[in-house]
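Just so you know, the sequences run in chain order A and B. Each number in this note's numbering comes from the position in the first sequence (counting from 1) with 10 added on. Each number in this note's numbering comes from the position in the second sequence (counting from 1) with 538 added on.
Incorrect hints may appear among the rest.
[Said to hold, decoys possible] Beta-carbon label-pair distances, calculated as ranges:
1. Gln42(A) <-> Ile683(B): 49 to 55 angstroms
2. Leu746(B) <-> Phe74(A): 41 to 47 angstroms
3. Ile683(B) <-> Thr223(A): 40 to 46 angstroms
[Claimed, not checked] Covered stretches of chain A (chain B as the covering partner; in silico rule of three or more C-beta atoms under 8 angstroms from a C-beta of chain B):
4. 31–43
5. 190–201
Simulated from the structure, these hints should not be mistaken for lab results. Beta carbons: idealized from backbone N, C-alpha and C, even for Gly.
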Amino acid sequence: MSSSPYPIVAALDALTGALFLLTALGVVATRQVLASLQLFIMQSLLLSLSAFLLGIASSSVHLFAVAAITIATKTLLIPWLLRHTVSAEVYRTREVERVLNIPISLLLSAVLVVLAYVVAAPILSAVEVPFARINLPLGIAAIFLGAFTVAVRREAVPQLLGLLAVENGVFFAGIAIVPNLPVIAELAAAVDVPVITLVVGLLTRRIHTRLGTTSVGHLSALREH
Amino acid sequence: MLERIVYNLLQVFVVVAFAPLVEGVVNRLKEMLQSKRGPSIFQPYRDIWKLLHKDEIVSEYSSWIFRAAPYVAFTAPVFVALLIPVLTRYPLFFAFMGDMLGGGFILALGGFFATLAAVDTANPYGPMGASRTRMVGFLAEPVFIVVFLTVSFVAGSTIPYIVQTKWVTPIANFFEPSHVLLMIAFLMLILAEDGRIPVDSPSGQFELAMIDRSKSLEYSGRGAAVMKWAGAMKFFVLITIFLNVLVTPWGLAPEGSGPAGVLLAIPLVLLKVFAFILVLVFIESSLAKLRLFRITEFLGAAFVTSVVAMITRLSEI
């Protein structure tokens with residue numbers, strides 16, 4: 011970390027990374043649907059902040075573009091889509107039923123973070139990018155935690171947010187390894203992700219109007235009468 | 539040498555004298571946030587003074603533990619104040635008598651005696667609150683251990699005076715992820731250990747819902763005064779450890795600044811404590827008290843935060 015020419019930028023990026031990881035943990039643990047949506051927005055803001063900081067350090071216009079696109083899609087467009095496609099009743103609910111209770115899922119999340127650092131170690135020895143030491147393990151940890159969210163939660167909207175958190179994690183790791191990411195790749199993701207959100211949101215709306223619930227856990231018992 | 543002993547005793551004096559003031563400011567600010575005027579910030583002093591002049595009633599079924607517990611609870615923070623940096627940046631005379639874990643054990647001893655005393659009188663609410671405090675305590679213990687292990691690992695020492703300068707030399711260290719996460723974990727620990735919202739409501743008067751405060755319900759007169767004072771001092775000591783060891787050594791007297799520097803440090807430290815209280819009051823006023831079994835989740839979150847802090851620290855080296 012001290013080897014990089016921008017110690018303050020590196021420190022700020024590390025701070026952003028720590029908060030990024032905390033929001034990922036929050037998406038796993040919070041009960042309210044609305045709170046997990048807000049945590050996701052915060053996570054996306056931190057992602058764009060990290061992209062901005064890395065853009066300063068490596069003076070890369072691409073990363074500024076990444077930051078701008080992230081803010082536009084993930085903090086404005088996707089929350090707007092989710093709020094308007096899924097009915098407001100869903101956001102008022104608390105998720106009572108989970109696969110695992112919160113303390114156990116938090117402890118498993120800690121194990122996943124350790125695992126992320128273990129997985130990141132061999133990759134880190136292969137790449138020679140100054141910021142990868144911070145971003146890569148934390149990004150991988152966010153990927154794991156997002157996947158864990160999908161596995162552990164039973165409401166449709168938090169599961170979707172878990173999926174989007176995986177996407178955030180991929181970018182968080184990616185911006186450090188490939189500072190000159192082609193903008194076309196980021197643009198493609200920026201178009202894809204809202205479409206996925208729209209589809210899942212509309213599907214959830216249909217399920218909610220038909221069944222009165224969006225608890226995905228019950229879907230295994232669904233049958234026709 | 540003599541000078542350092544005097545400064546050390548001055549630290550104890552500061553803790554003893556200003557602890558009720560901190561409590562008074564917290565109470566006043568909380569009421570002000572609710573658009574009330576609130577009691578004077580010197581109200582805890584008046585309460586203690588009044589209680590000291592009242593008769594003490596002790597249940598004849600209680601043992602010596604009930605009578606000794608307030609004094610043990612009062613002495614514990616006094617001893618910890620000898621070990622931690624309250625005013626100075628350089629180690630004082632008693633600094634090497636015990637490390638941070640030792641300080642933790644001494645504070646735990648005071649809590650242990652308060653618990654025993656609550657069980658001693660066989661008042662139905664005392665043991666209930668005491669067992670709840672133990673529950674919160676043993677959930678908080680792993681967080682405490684992990685936080686201090688990480689902090690000691692960073693500094694290569696468990697003496698708080700040596701630890702405190704590591705986070706700000708160079709200043710970039712302050713923003714290290716492990717440092718920020720440790721601060722968050724320890725803040726949650728303070729809320730739990732001192733029975734603040736969201737873990738417990740310090741101003742609640744409903745015995746069935748009490749956690750921390752019900753332990754001293756049976757005390758009256760001098761015992762109640764000493765217990766109240768001891769509680770305020772424990773809170774002050776926890777804040778001081780948080781601010782001076784974990785957050786920053788800013789505002790403390792540097793080496794060779796003489797008595798003027800040490801005296802100047804007193805208002806600066808109080809200012810820092812005041813800034814912390816503002817944050818604390820904001821947290822307490824914006825959250826609701828958790829149900830008893832949700833405390834596991836709260837402290838589980840604190841534990842995971844501290845473990846993540848440890849991991850990020852270990853993997854960077």
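Verification of the supplied hints:
{"no.": "1", "hint": "Gln42(A) <-> Ile683(B): 49 to 55 angstroms", "in the structure": "violated, 31 angstroms"}
{"no.": "2", "hint": "Leu746(B) <-> Phe74(A): 41 to 47 angstroms", "in the structure": "violated, 57 angstroms"}
{"no.": "3", "hint": "Ile683(B) <-> Thr223(A): 40 to 46 angstroms", "in the structure": "holds, 42 angstroms"}
{"no.": "4", "hint": "31–43", "in the structure": "holds (count 4)"}
{"no.": "5", "hint": "190–201", "in the structure": "violated (count 0)"}
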